[in-house]
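Asker: Chains as they are written, first to last, in this note's numbering: chain A, 1 to 290; chain B, 1 to 284; chain C, 1 to 416.
Since the hints were derived computationally from the structure, they do not count as laboratory data. Do not take every clue at face value.
[To be verified] Simulated pairs of lysine-lysine, DSSO-like, Cα-Cα distance not exceeding 27 Å:
id	chain 1	residue 1	chain 2	residue 2
1	A	K122	B	K246
2	C	K172	C	K38
3	A	K56	C	K55
4	C	K221	C	K231
5	C	K207	C	K360
6	A	K7	B	K59
7	A	K7	B	K246
8	C	K230	A	K122
9	B	K74	B	K59
10	A	K56	C	K38
11	B	K108	A	K187
12	C	K207	B	K59
13	C	K231	B	K138
14	C	K275	B	K246
[What the hints assert, rightly or not] Take a look, some chain A residues computed to stay more than 12 Å from chain C by CB distance:
id	residue
15	F143
16	L148
17	V149
18	V186
19	M196
[Unchecked claim] Far from chain B, by Cβ distances over 12 Å, these chain C residues were calculated:
id	residue
20	A37
21	A60
22	G61
23	A75
24	V115
25	I247
Keep in mind that this is a model prediction, so the values were computed, not measured. Glycine is no exception: its CB is placed at the ideal position from the N, C-alpha and C atoms.
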Amino acid sequence: MFNTLQKWLPKIILSPSIFLVTVCIYGYVAWTGYLSLTHSRFLPNFKWAGLLQYNKLMENDRWVTSCINLLIFGVLFIIISIILGTLLAILLDQNIRQEGAIRTIYLYPMALSFIVTGTAWKWILNPGLGLEKMMHDWGWTSFEFNWLVSNDMSVYTLVIAAVWQSSGFVMAMFLAGLRGIDSSIVKAAQIDGASMPTIYWKIILPCLRPVFFSAVIITSHIAIKSFDLVTALTSGGPGYSSDLPALFMYTHAFTRGQMGLGAASAMMMLAGVLAILVPYLYSELRNREQ
Amino acid sequence: MTKFSPGRIFIYSILVLFCAIYLMPLLVMLLTSFKSLPDIRGGNLLSLPEVWVFDAWFKAWGTACTGVTCEGVKGYFWNSFKMAVPAVFISTLIGALNGYVIAHWRFKGSNLFFALMLFGCFIPFQVILLPMAATLGKFGLANTTTGLVFVHVVYGLVFTTLFFRNFYVSVPGELVKAAKLDGAGFFTIFFKIMLPISKPIIMVCIIWQFTQIWNDFLFGVVYSGSDSQPITVALNNLVNTSTGVKEYNVDMAAAIIAALPTLFVYVVAGKYFVRGLTAGSVKG
Amino acid sequence: MRKFATLASTLALTSAINLAYAGEVEVLHWWTSGGEAKSVGVLKEMLEAQGHSWKDFAVAGGGGESAMTVLKTRAISGNPPAAAQIKGHDIQEWADLGFLSNLNDVAKAEKWDEVVPAVVTNVMKFNGDYVAVPVNVHRVNWLWANPAVFEKAGAKIPTTMDEFFVSAEKLKAAGIIPLAHGGQAWQDATVFEAIALDILGSEDYNKAFVMHDDAVLSGDKMVEVFTVFKKMRNYIDSDSPGRDWNIATSMVINGQAGMQIMGDWAKGEFIAAGKVPGKDFVCLPAPGTDGQFTFNIDSFAMFELSNADNVTAQKSLAKTILTPEFQEVFNLNKGSIPVRTDMDMSKFDSCALDSMATFKASNTSGDLVPSMAHGLATTGYVQGAIYDVVTNFFNDPDGDPKETVTKLARVVKAAK
Chain A
1 MFNTLQKWLP KIILSPSIFL VTVCIYGYVA WTGYLSLTHS RFLPNFKWAG LLQYNKLMEN
61 DRWVTSCINL LIFGVLFIII SIILGTLLAI LLDQNIRQEG AIRTIYLYPM ALSFIVTGTA
121 WKWILNPGLG LEKMMHDWGW TSFEFNWLVS NDMSVYTLVI AAVWQSSGFV MAMFLAGLRG
181 IDSSIVKAAQ IDGASMPTIY WKIILPCLRP VFFSAVIITS HIAIKSFDLV TALTSGGPGY
241 SSDLPALFMY THAFTRGQMG LGAASAMMML AGVLAILVPY LYSELRNREQ
Chain B
1 MTKFSPGRIF IYSILVLFCA IYLMPLLVML LTSFKSLPDI RGGNLLSLPE VWVFDAWFKA
61 WGTACTGVTC EGVKGYFWNS FKMAVPAVFI STLIGALNGY VIAHWRFKGS NLFFALMLFG
121 CFIPFQVILL PMAATLGKFG LANTTTGLVF VHVVYGLVFT TLFFRNFYVS VPGELVKAAK
181 LDGAGFFTIF FKIMLPISKP IIMVCIIWQF TQIWNDFLFG VVYSGSDSQP ITVALNNLVN
241 TSTGVKEYNV DMAAAIIAAL PTLFVYVVAG KYFVRGLTAG SVKG
Chain C
1 MRKFATLAST LALTSAINLA YAGEVEVLHW WTSGGEAKSV GVLKEMLEAQ GHSWKDFAVA
61 GGGGESAMTV LKTRAISGNP PAAAQIKGHD IQEWADLGFL SNLNDVAKAE KWDEVVPAVV
121 TNVMKFNGDY VAVPVNVHRV NWLWANPAVF EKAGAKIPTT MDEFFVSAEK LKAAGIIPLA
181 HGGQAWQDAT VFEAIALDIL GSEDYNKAFV MHDDAVLSGD KMVEVFTVFK KMRNYIDSDS
241 PGRDWNIATS MVINGQAGMQ IMGDWAKGEF IAAGKVPGKD FVCLPAPGTD GQFTFNIDSF
301 AMFELSNADN VTAQKSLAKT ILTPEFQEVF NLNKGSIPVR TDMDMSKFDS CALDSMATFK
361 ASNTSGDLVP SMAHGLATTG YVQGAIYDVV TNFFNDPDGD PKETVTKLAR VVKAAK
């Protein structure tokens, strides 16, 4: 009796979670998928529409813009966060005094949501109020920083704020990774006469591969879900030049009463995630098993 | 340790430069909250207040309007705690058990479940608003704190499981096997072996979950009841004034007040963060 | 003993009355800022004076966008509030889905049909039945100007589009930003519809934005609207994107900018800054739209409830909103005009009186048109589609009016 229970216990423990994940993630996704094939407008209805919403979506200029933006934003955000995070982690790993304080400063943006910092960011990036004005006040009158109000550049301001928020977290992950590396390997390399940059490049960073993996997963999930960020900073403007898919989906599904179209855009987002992440996940996890 | 070689000075200056950049938004908020309104319009973002005024803080805490009532954000502060504490606790506990099972009691399908969960991280929460509302309505949990806690637990579960799984994977399987041979059961191993070494990862989970739940606006605004709205909703109402003079100093003070608990957690528990991540990071 | 019995029965009776009356209304709204919140506070007090209780559910942001999201999820979960601030076309959508409660009995008792113009009540009715209560009428096509600034630049405050550009040029030469504007989609649309009202005229305005007549939407006049719209872009400072409307208003107040095209809620900003209408600032119809009135009506829709006491409270709320007392207090605060045309307007300022006079006159002349930018003219989906075209054109330096007009007709058709 006891042994049977022991045998089943792991499954019993896991089953509520399996149930919840199945219903509250996959069930709801299926529901959304179904909605995307209907004429749903103001609230869900179940009048079959086939692929109509997807056709509409493909013809929608704003959707195309928001997808391109996500690509630009996502790639830049992930790459910059990881490079900056690694760099800061390596520098911070050099027996720095006050390491705890500095680390906290790098990490604190993660504690704040853009609902809190949105206004401050808007000011800093606004040419008439923030950085540009400050530089002018301090005598550097040719300084120009008007990305926030420029059609072509506004999406890059999103990258700045997002990197500010998340790079500290990436730094913490890499710092943790560095601390976990066996110091005898480094010592051995030093004795062999390898220079510090070589040691980092050839020995330490390759050891951190799992950290890269986690960092990519975490930053890409932040990038895809970026919603507070864009509503706080630009609301998708000027025009809709800095729109992102998450905002597009929300606006259409909830504000504009185009629930079918919103659902279709959500499905496209998920399909995009699948297409990019699953191969990555698969190859990474496979490598690790071996 | 070499002291103040040119290299060290270079490292320090880069670190300090980045400190300044990271601190700027917070500094802007702090300075603004202590300025008077004319002072805000006149000066630039980083200029010091001409006169340090504390009124904005009192107003934000006690008398600013967030709806028909004008009692500041203080009441909402407790609403947020009432929701965040149980949600963090429950999701951490479930995450620990799940992580333990996935790492050490593998069965057919447990890895598949883990992969499915991982993919679940990427679902934009806006997608689940309506079906979740229907579900909560069916169980009579619509617009109650219980319902809101439930939602936070479900979507936090994914992350806590991920954290604990990565942590427990780094515990040698031999250790668990030996304990099993000694006749220790599922829970004995969990409580006697796993939990005692889990402090760092528990801290990571608490920090992560608390921050996510405290800062959440979307679920809070949609699933809370009218007398249990969390502080982010109050902050939003206070900041998003559609008419009337915009009191930026009050907005900023309210924003900082709303952020205090999470800031506190990061400052106090921040050191565990790196430690907790260290354990699972390299082995993944 | 008998005395006691009487007392007891009186007590029982009064408490019974109280019980019958003591309902609760949960009200979802997005009025959270100072003046507005106080005005809603008055409503709460008036309702409480009748023995009911008010449960406040305020969600600000994006002109009610967040509030609407909340409303939708609550409706889906089977737990809608008693009353929600819904306006324009959305009322029809909610009523069509069967969520709203019939208010005909209150309307009949209070003679709403007699005191409120048909243009307003039409918005509140679904299939001829009242389902919502109007709170106020905003005029959207206003031009707000700072006369001191105009004097300094030697310019005339414009009444026509041609004058607008002459004056704007002079202001610009004097180093003043001619037009204060906030680059948000709804503000772009507000300016756009003011221009459209002038150039198209009331009749074609309705054809374009209410009936979505393809010929008008893609016609030559519409090309002209977009051309003028683009020309106006030259008189706005480059930092405008993302700016809130009230910041733009404060630029007019402190003389940094000359004028602003904005609805009458802007008046509250001037008043709050201690400015006097007619002296420190002037309100006049947006260029070329004298005698025309673009209306925006705030309203509360009442949801179907099951609890009988709460229904009573809900009906009391509906009744109270349209009482002259509340109409006066609220609209004095909000800058709008009352929906009742039979009211004593002596406490209102010159802008509001002007607005009321035009409201009544335009009601008969056919120049009273619904605001597209504020969701009164058309459905959320068509409005959204127009928003995208308008705001994108306005912010795109290479935007071509002719191409844009074809696109406008196309997206409106697709969204319809």
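Asker: Determine for every hint whether it applies to the structure shown.
Answerer: Hint-by-hint comparison with the structure:
In summary, the hint linking K122(A) to K246(B) is supported, as the alpha carbons are separated by about 15 Å, within the 27 Å threshold. This hinted pair does not check out: K172(C) and K38(C) have alpha carbons roughly 39 Å apart, beyond 27 Å. Restraint check: the Cα-Cα separation between K56(A) and K55(C) comes to about 41 Å, which exceeds 27 Å; the hinted pair is violated. Only pairs whose Cα atoms come within 27 Å are accepted, and K221(C) paired with K231(C) is accepted, the gap being roughly 15 Å.
Distance check on the hinted pair: K207(C) and K360(C) sit about 22 Å apart at the alpha-carbon level, within 27 Å; holds. A C-alpha spacing of about 59 Å is found between K7(A) and K59(B), which places the hinted pair above 27 Å, so the restraint is violated. For the hint linking K7(A) to K246(B), the alpha-carbon distance of about 63 Å lies beyond 27 Å, and the restraint is violated. Only pairs whose Cα atoms come within 27 Å are accepted, and K230(C) paired with K122(A) is accepted, the gap being roughly 26 Å.
Distance hint between K74(B) and K59(B) is fulfilled; the C-alpha atoms sit about 10 Å from each other, no more than 27 Å. Of the pairs offered as hints, the one joining K56(A) and K38(C) is violated, with about 44 Å between alpha carbons and a cut-off of 27 Å exceeded. Distance restraint check for K108(B) and K187(A): the Cα-Cα separation of roughly 43 Å exceeds the 27 Å cut-off, and the hinted pair is therefore not satisfied. Proposed proximity of K207(C) and K59(B) is contradicted: the alpha carbons are some 49 Å apart, above 27 Å.
About 55 Å separates the Cα atoms of K231(C) and K138(B), which puts this hinted pair outside 27 Å; it is violated. A hinted pair counts as satisfied when its Cα atoms are at most 27 Å apart, and K275(C) with K246(B) qualifies at roughly 17 Å. Listed as a non-interface residue, F143(A) keeps its Cβ farther than 12 Å from every Cβ of chain C; the least gap is roughly 15 Å. Interface exclusion of L148(A) from chain C breaks down, the closest Cβ pair being 7 Å apart, not more than 12 Å.
The Cβ of V149(A) sits about 4 Å from the closest Cβ of chain C, inside the 12 Å cut-off, so the non-interface label is violated. A cut-off of 12 Å between C-beta atoms confirms that V186(A) is not in contact with chain C; the least separation is 49 Å. Separation of M196(A) from chain C is adequate, the least Cβ-Cβ distance of about 46 Å exceeding the 12 Å criterion. A beta-carbon of chain B is positioned within 12 Å of the beta-carbon of A37(C); the least distance is around 4 Å.
Consistency note on A60(C): stated as away from chain B, yet its beta-carbon is not over 12 Å from all of that chain's, at 4 Å minimum. Annotated as non-interface, G61(C) brings its C-beta within 12 Å of a C-beta of chain B; the closest such distance is 4 Å. The beta carbon of A75(C) is not kept farther than 12 Å from every beta carbon of chain B, the shortest such distance being approximately 8 Å. Remark: the non-interface label on V115(C) is consistent with the geometry, its nearest Cβ contact in chain B lying 26 Å away (cut-off 12 Å).
Distance check on I247(C): its Cβ comes as close as 7 Å (rounded) to a Cβ of chain B, failing to clear the 12 Å threshold; non-interface status is violated.
The structure fails hints 2, 3, 6, 7, 10, 11, 12, 13, 16, 17, 20, 21, 22, 23, 25 (numbered hints given earlier, in ascending order).
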